[in-house]
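Position chains L and P relative to chain S; hints supplied.
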Amino acid sequence: MSVTDTELVPSLGTTEDEIYLQIQRFYAAQSQLLDFGRFEEWAATFTEDCSFTANGFPQPVRTRTALLAGTLQNHKVDEPGLRIRHWFGMTTVEPRADGTVYALSYVLVIRNHRNEPPFIYRSTRCEDVLVRNGNSWLVRDRIIRRDELTDE
Amino acid sequence: MSVTDTELVPSLGTTEDEIYLQIQRFYAAQSQLLDFGRFEEWAATFTEDCSFTANGFPQPVRTRTALLAGTLQNHKVDEPGLRIRHWFGMTTVEPRADGTVYALSYVLVIRNHRNEPPFIYRSTRCEDVLVRNGNSWLVRDRIIRRDELTDE
Amino acid sequence: MSVTDTELVPSLGTTEDEIYLQIQRFYAAQSQLLDFGRFEEWAATFTEDCSFTANGFPQPVRTRTALLAGTLQNHKVDEPGLRIRHWFGMTTVEPRADGTVYALSYVLVIRNHRNEPPFIYRSTRCEDVLVRNGNSWLVRDRIIRRDELTDE
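Residue numbers (the numbering used here), protein chains in the order written: chain S, 1 to 152; chain L, 1 to 152; chain P, 1 to 152.
These are computed hints drawn from the structure, not numbers from a lab. Please read these numbers as outputs of a predicted model, since none were measured by experiment. Check the hints yourself; a few may be wrong.
Sample of chain S residues with no beta-carbon within 10 angstroms of chain P, all distances over it, derived [unchecked claim]:
#1 T14
#2 E18
#3 L21
#4 Q22
#5 R25
#6 E41
#7 T53
#8 P58
#9 V61
#10 T65
#11 A69
#12 R83
#13 F119
#14 I120
#15 T150
If you want the footprint, here are the derived chain P segments under chain S, 3+ residues with CB under 8 angstroms [claimed, not checked]:
#16 16-25
#17 84-94
#18 116-126
#19 141-152
Note that the Cβ used here is the ideal one computed from N, Cα and C, for glycine as well.
Only chain S is shown next, with the shape it has when bound in the complex:
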């Protein structure tokens, strides 16, 4: 936010609408980092002590270091002609008294192999607890539920 914070002007970036917009932008940037193979920068959008839980994983991943290692491992086997695009949408946010924000989003994972038509690889639900990081945010805890594996 480039607006000067004075006594007369409300501190921008702290109303719920402003938080909503920041988190929308955060997810867009985070998806691009992952999809463009910038895995270290992607991992840096999580806190050092983060947890990442998924109903497709045998157990939660804990710490940014472990998250990065697992992600690098997973993408080692990607074929070069495969493009992956993560689409966040239908996000709702709940700011909490401790300054964190709970956010629930739908996430579609679109895959596109070379010279083939794109398709929806996964439809998932993402629940995050986010913490402030200056004017942006970091994910502290993420839970991903793939729709084809859940009753909810």
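Just chains L and P now, with coordinates in the frame of chain S:
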């Protein structure tokens, strides 16, 4: 909006950009209520005297009571392993002189059966007339056009 | 923006969050113009001296006049029962010192033939340089990369 409304600060929530963001958030919350089976709360996002018209329905549904009854009936037959996700996007808004807002959105309906890949079940266009409800909105009139049934 | 610009109130529409929201709205309106066959109005969302480059085109298209001519030509052959929907998402923006904005978005093109299910026709990446046009924006330079044709 948590900003205190004073004479020095513009009344937030009333500029077109603010209305846009509110309506975007409204659609996200509304979709989650429907998709997570919270049908009474979903119906409560429409006015009591609402109309809901669709090119897939034989005739418009009128009143929130009838909308809820029809929706409960439709979802009775859903298989337990079916997840449905409504994605609103490409929304445009036109605030009108009477305080209502006309909004036109695209809506994708994604379906995911258990242990199967997700797919786009419907691509539709949604036209709403929304009325203010405190800091949020209610749908007074909705028209849904399924893309495979329309020439527009 | 309908807020009066005074010395006490920051000039709305110029912070990065406000620019982000404007550009989001711009893409929604632009997609509707294209998808609803309003090709002249769609072309008017580009500057007169625009360039439009795509990895599916033999060479860049230059000027709004040429862009409109090519677009009218392309859509002449559309079957009447075909609906096309452009979904922009995961947009990031970078305001630049010269007042332009660089924006990178994902774009899905959904197609729906009459009485058939919708499908994703293309998954692409869109890079724009946008210039201010009053309270809205115009595209000066656009590069589209279809995901199935790119290694990035």
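Which numbered hints turn out to be false for this structure? Numbers 2, 3, 4, 5, 12, 13, 14, in rising order.
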